[in-house]
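Enquirer: Based on the hints, put chain B in the right spot on chain A.
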Amino acid sequence: MIRKTSQAEWEIGELALKPGLVLSMAFSSLKIRLTRTFLTVLTITTASGFMMYLLTMPRSDDPVDRDGWLLMLGLCLLVCAAGVMNTMLMSVAQRYREIGTMKCLGALDSFVLFSVIAESAIIGAVGSIAGIILGLLITTLIGAAEYGSGMFSYLRFDGMTVKILIVICVGMSLTAMGASIPAWIASKMPPMDAMRGEK
Amino acid sequence: MSSKKKKHKRHGKQQTRAHAPAAKINQALQPEKAKNPPARQPAAGNRSAAAARIDWFSNLNQETEHTVMTRNVSKIYHLGEETVHALDDVSVTIDRGEYISIMGPSGSGKTTLFNIVGALLKPNEGNVFIDEVDVAQLDANELAWLRCRKIGYIFQSYNIVKVFTALENVTLPMLFAGVPPDEAQDRAINILERVGLGDRILHTPKELSGGQQQRVAIARAFANRPAIILADEPTANLDLHTGEEIIHLMKEMNREQGVTVICATHDHKMLDISDRIIWMEDGRVKKIANRDEVKIDIAEMREK
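Chains as they are written, first to last, in the working numbering: chain A, 1 to 199; chain B, 1 to 304.
Treat the hints with care, since some could be wrong.
With a straight-line cut-off of 20 Å between C-alpha atoms, the simulated PhoX-like cross-links for lysine-lysine are [claimed, not checked]:
1. 122/B / 188/A
2. 287/B / 269/B
3. 206/B / 31/A
4. 18/A / 188/A
5. 162/B / 122/B
6. 251/B / 269/B
7. 31/A / 162/B
Worth flagging that the hints you see were computed from the coordinates, not collected in a lab. Note that the structure is predicted; figures quoted are calculated from it, not measured.
Next up, chain A with everything else stripped away, as it sits in the complex (with noise of 0.2 Å):
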């Protein structure tokens, strides 16, 4: 939109989303705090250990056995989600100032919206990897006592590059699920409830 004014001729712009400018904003967010982030990163590393010990040891007979296995994941997973969300609805809440004033400077909801999901998925990114090391540990040490040195043929170390794919897949998209609730929050205030520190 052009306006002519008397003087000046101006033109209403769009900003556009800068995704290298949403990154560091939600690592230096993650580094400042770095320990609450590490005992997130800690339940999603705990969580997707479990994940890739399940999908590498030898597969149970016993179908209720296995359904048993399943359903602890599953809960596993969800308290997982749980604890994530929290994580993020303290970090939205503890920035509400903060989110009001980047808005008052032209942030655009989307960039809001953005960080805290990207400071989120990268919580589980780094967690899953975690996770992924740590199963892998734990299927060698248990088959190592259980099966010897004939643990191979025994356990399921096949398709790691797949397995590998969906423990990471899930580990990020439980973290970046659980963190768009806060994060849409964040990214609708307004800018002046933002500032006076409400919801």
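Expert: The following block gives chain B in isolation, referenced to the frame of chain A:
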């Protein structure tokens, strides 16, 4: 929030009592209102940017450029069963390059007016024009652009991002505006030197005094070369001397860059350098005075 609500409640009650006479005063004290014909009302529901062109500026007095104009702006808060008029039919016109102080007691609607002019709040009635564009017709992205490029905000509590250095704080709005990072950094360093923080660009707010933090906030507000600087009680948290320095810095920047400065304040030091002073009471403009009338006005205010 609760204290804020109470304040509004109180002034809402007063307002209903003194409704009619105050409205008359309001009109009598506003020569600007008569000077400019009212803007054509935009068609309801038509909010697209293209449709937002209103060709009313041809009606304007061409001698001055109105950076901010509010037309019969009202803001109503509903608090339970009570309706509170935070702003009631406020029309002010502010020209380019002016230094305006908005004064008035707490709960007089200063901050509400400030927020509405800053496109942070939507009025229930009336229109706000910034650089002759009707703010109500802008979508979320265009509003963000307006806040980013046209308006600089300075707050009472500085509101510097605590975890960023002074340099990063000043760079941020430029990055939002799409300035390349290197250029943004160079410009940020220049502005920080201008406000007297050249040797502290890498300090975080923790390592800066209140006055220095407010200087960072001023640098940040000026980063995108805005048309308007909105300052909400910028000296309220500072001691007398530092407050004076900040006021003079703002005045210098106002002169150098031809930026319009609108400043909500309780600070009487501010009066000496303001071009005009707007007094608010009970959500209405009680009086607008030029600088040469200021001394008399203060005496008058004290008598009451």
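Enquirer: Look at each hint and say if it fits the structure.
Expert: Quick rundown of the hints versus the structure:
The suggested pairing of residue 122/B with residue 188/A holds, with an alpha-carbon distance near 15 Å, which does not exceed 20 Å. Restraint check for residue 287/B and residue 269/B: satisfied, since their Cα atoms lie roughly 19 Å apart, inside the 20 Å limit. In summary, the hint linking residue 206/B to residue 31/A is supported, as the alpha carbons are separated by about 17 Å, within the 20 Å threshold. In summary, the hint linking residue 18/A to residue 188/A is supported, as the alpha carbons are separated by about 19 Å, within the 20 Å threshold.
The suggested pairing of residue 162/B with residue 122/B is violated, with an alpha-carbon distance near 29 Å, which exceeds 20 Å. Proposed proximity of residue 251/B and residue 269/B is supported: the alpha carbons are some 12 Å apart, at most 20 Å. At roughly 13 Å between alpha-carbon atoms, residue 31/A and residue 162/B fall within 20 Å of each other, so this suggested pair holds.
Of the numbered hints listed earlier, the single one contradicted by the structure is hint 5.
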